[in-house]
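**Q** So the chains spell out like this:
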Amino acid sequence: MYSISFRNVSKSFGKVKVIENLNLDIKKGERLILLGPSGCGKSTILRMISGLESITSGELYLNGRLANDIDSGDRNIAMVFQNYALYPHMTVSENVGYGLKINKVKKEERMQKVSEAIDILGLKSLENRYPRELSGGQRQRVALARAIVKKADFFLLDEPLSNLDAQLRGQARKELVKIHEMYNQTFVYVTHDQIEAMTIGQRIALLNKGHIQMLDTPHNVYHKPANIFVATFIGSPSMNVISACIEGRDIILGDEKVELPEIWLNQFASSKAKSVKLGVRPDNIILSNSPGKYSVPVTIRYVEDYGNRVGFYFNFGEEEVISIMSEEMFSRGEKVYWNIDPAKLHFFDAETTNNIGYPQGL
Amino acid sequence: MLRKGYIMKIKYNKEIKWHIVFIIIILILLYPILYALSTSFKSLNEAYNNILSLIPEKPTTSAYKRVLSIIPFARITLNTFIIASVVTLFKLFTSILAAYSFVFFDFKGKKVLYFILISTIFIPFTVTMIPNYITVSRLGLKDNILGVALPQLADATGIFLLRQHMRGIPKSLLEVAKLEKTPQITILRTIVVPIIRPAILSIGIIFFINSWNEYVWPSLILKSTDNYTLSLALQMFVSSEGGTDIPVAMAISVLTMMLPLVLYAICQKYIINTFAQSGIKG
Amino acid sequence: MAKKASFKKYIRKLNQSKREHLLAWTFILPAIAVFIVFMFWPLAYTFYLSFFKWNMVAPTKKYVGIKNYISILTDKVTLQLFSNSLLYISILVLLNFVIPYILSFINTFVMKKKSKSIYKIFIFMPSLISLVVGAIILQWIFNPISGPISAILSFFGITMPSWSKTHGLVIFVISLVATYKAFGYNFLVLLAGVGNVSTELIEAARLDKTPNHKIFLKIVRPLTSSSAIYILIMSIVQGMQYVFTPIKVLTQGGPDNASSNIIYGGYQEAFGFYDTGRSSALSIITMVIFLILLFLEFKFVEKGVYYEN
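Protein chains in written order, with the numbering used here: chain A, 53 to 414; chain B, 363 to 644; chain C, -7 to 301.
These are calculated hints, taken from the structure and not from any lab test.
The model shown is predicted, which means the values in this text are computed figures rather than measured ones.
Among the hints, erroneous ones may be present.
Claimed, not checked - Distance ranges between label pairs, derived from CB positions:
| # | chain 1 | residue 1 | chain 2 | residue 2 | range |
| --- | --- | --- | --- | --- | --- |
| 1 | B | I386 | C | I28 | 20 to 30 angstroms |
| 2 | B | S431 | C | K291 | 51 to 61 angstroms |
| 3 | A | K153 | B | L563 | 18 to 28 angstroms |
| 4 | B | H381 | C | I62 | 37 to 47 angstroms |
| 5 | B | P421 | C | A143 | 14 to 24 angstroms |
| 6 | C | F265 | B | M598 | 44 to 54 angstroms |
| 7 | B | L563 | C | I28 | 24 to 34 angstroms |
| 8 | C | L193 | A | Q254 | 50 to 60 angstroms |
By construction, the Cβ of each residue, glycine as well, lies at the ideal position given by its N, Cα and C atoms.
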């Protein structure tokens, strides 16, 4: 069952179209990530779900009901903001209980619910503190407590972890998943951080310039990127994308020609791509002194030591490629071989940027 | 420690001269207050003969006693207080609501309307005095302190200042409340007002002091001494020639400036911050 | 009863945005109502009155077209009012704009010791004092016979002129009363504006050995233009109204209109001579002058704000 559905939704701010013809279905109880670079529209989508942003055209359905004109307050939504939005003049308890108080929940019931939320988020003993007396991590948890206290249908989070120190983020990610597993609300989570997306999300909607580039599980988004944007956005360091020419049974990379793996030949035949680009992740490029079955000779131009891993830069023509391996085996200027693993390749239609697919049995 | 500081004085030579300039300016600015204070405690005789001394040789409260016998001082102070309180409360009320609307609502013509409201600051009182006088008369409020308060129930500067302060509140705070179905008026009451409370207080104090000091409009409306405000009562002791009771004039001046100066002494930091912001547009 | 129920239904049917519109206007309504009744309608009515002859009491008004305007503009007294006003403005701008502006620059960027921040606390004090109080106290201080200034001058063998009877000098002393009120406030606002200029810019200029007056004119002045223009215009607009009180209390425009200005003149016509027509005409002319200043301010301030943003 879909609890949130966008049907041909567009959003413009004045003359600027930010979201165009969005179609998105979010399953009830799932954790969906809206991921993308700044300005891609992910926060706008979140705000349209909450009603804080109006919809220019198209329909939004919440739990099957047309929701375009339903007041934010009637949509049964809890939201956590990037800056936590805690009321500075209220204590932690008062912050958490504010919504309940406004909706005239009886004092006893309210106190009990507040206390429960405070316990779950590990905020006991801080009930009477003010936000200015709390650390960043504590404030974030107060924002979460306030959001879970009303047991809403929908739980929207707008970059809730980006203001936390890196160390706290790991802990916070786990807590968020734990909370979701407790209440099983529909989680819609906005972030620009792919690690958060991959670790928290059950499905990821990757957005660019107001359009969904790919909507799938983290595994598929990583291993089977739908287009070049997805391929280069996910994964750090980014996937190498190299221009390639298919000539008969060979593939030409820069000045080098290498035999194309058999299984890929059929894939090219069935795809209609006139020209392609080859994508391969840096840690999937194995360099060796001795050539293997599908080998390309390369000259190492530059070596970067990251401590636990080493990066080797080489070129095909003008395009720079990086291989990341665990040991420093080669030095600058050295001529080595890239032993291509056909199972780790991705090909994209150079015109449409879409993935041409993967052969069966890979 | 202090010794070392003074040796360094050679480096600060240039700066010292500016400090002296400022101190001189402050002495010039404060002298009239001190003059009034000291003269109010002089006898009539001493006021005319011991002009330059800031400390009375024979301090006396006789001037103050004379003030209390000539005018109904308590009543006049009460009038002033009532007018200032009514004006302050209404100005705050209308300004808080209007500022909230300008900051947190979006509506057509908002910019134009704001511009029009702010432009009222530039309307000289001569343009509105006749019609307002007629309005107040027709309402039967001539020579009535409510007639003084009535035209002053809103203030464009108040709207401007409160708007500046409200803009500092992150919109996300209100959005959280909106998701809880909080009505706007409740958001104003439980979130916005408590957050900007210091600003409201200092703006309120400024409204109060301005009304307390007001002269022009009360002078048009109030006619009988019993209804006077302190500014009007003070005017009774002016003569264009001189040769009247200086200590009494100074005594009532001191009494009038007491309240603003005391309020200032208490909330000086807030008042200064609020005023300092009023010139920063945008 | 039925009306109320159907009204509520109407409100509920309106969507969120339309309801917000309605609420927005409701919040502004109290302020607008006051402004309409006591600012905008009077403005219009005064404009209307400027075409009539009426003494505020008579039941009928006599339509006279633009006679009032012509009468005002050809009156010799009006000429004097305008020239007085120009003199007032010059003094007020010098004392209440130029000097506080320079002083705020000095206090912020030339002085370094921490004690400099205490001065503004005292400088602001006189601004809290009523103009009437200021007028009376200054009247005594400048009293040519029994005032302290006269006493000091007599030490040097100078007899103090009777300023309230001297053309020019009377305008100067009245301006001092207005200055007493406006100086501290203006200084504070300018200080805040100057304080917003980043120290790095000044330090960079210092490294280039730029003299202070150049730093002020080329760096600080353009960057503080919005506060400065505001105070400049306020010195004029507010200053001209501030001097009304000392004029009314101390000189009543005299001697022979030597201390009157276009504001006091307007008042006199209405409440002294009961000629609402001429008073209104003069007020409208004053208003137009102020509006031109307002237009100039928005033109410059908008520019300044845009760049600052």
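**Q** State, for the Cβ atoms of C/F265 and B/M598, whether the hinted interval 44 to 54 angstroms holds or is violated.
**A** violated (24 angstroms)
**Q** Taking 18 to 28 angstroms as the stated bounds, is the beta-carbon spacing between A/K153 and B/L563 within them?
**A** At 25 angstroms between Cβs, range holds.
**Q** Kindly confirm whether 20 to 30 angstroms is satisfied by the beta carbon distance between B/I386 and C/I28.
**A** Given range 20 to 30 angstroms: violated, Cβ gap about 48 angstroms.
**Q** A range of 37 to 47 angstroms was offered for this pair. Does it hold for the Cβ distance of B/H381 and C/I62?
**A** violated (57 angstroms)
**Q** For the pair B/L563 and C/I28, does the Cβ-Cβ distance stay inside 24 to 34 angstroms?
**A** holds (29 angstroms)
**Q** Should the hint that B/S431 and C/K291 are 51 to 61 angstroms apart at their CB atoms be regarded as holding?
**A** holds (57 angstroms)
**Q** Do the beta carbons of B/P421 and C/A143 sit within 14 to 24 angstroms of each other?
**A** holds (20 angstroms)
**Q** Does the Cβ pair C/L193, A/Q254 satisfy 50 to 60 angstroms?
**A** holds (52 angstroms)
Consistency with the previously given hints fails for numbers 1, 4 and 6, ordered from lowest to highest.
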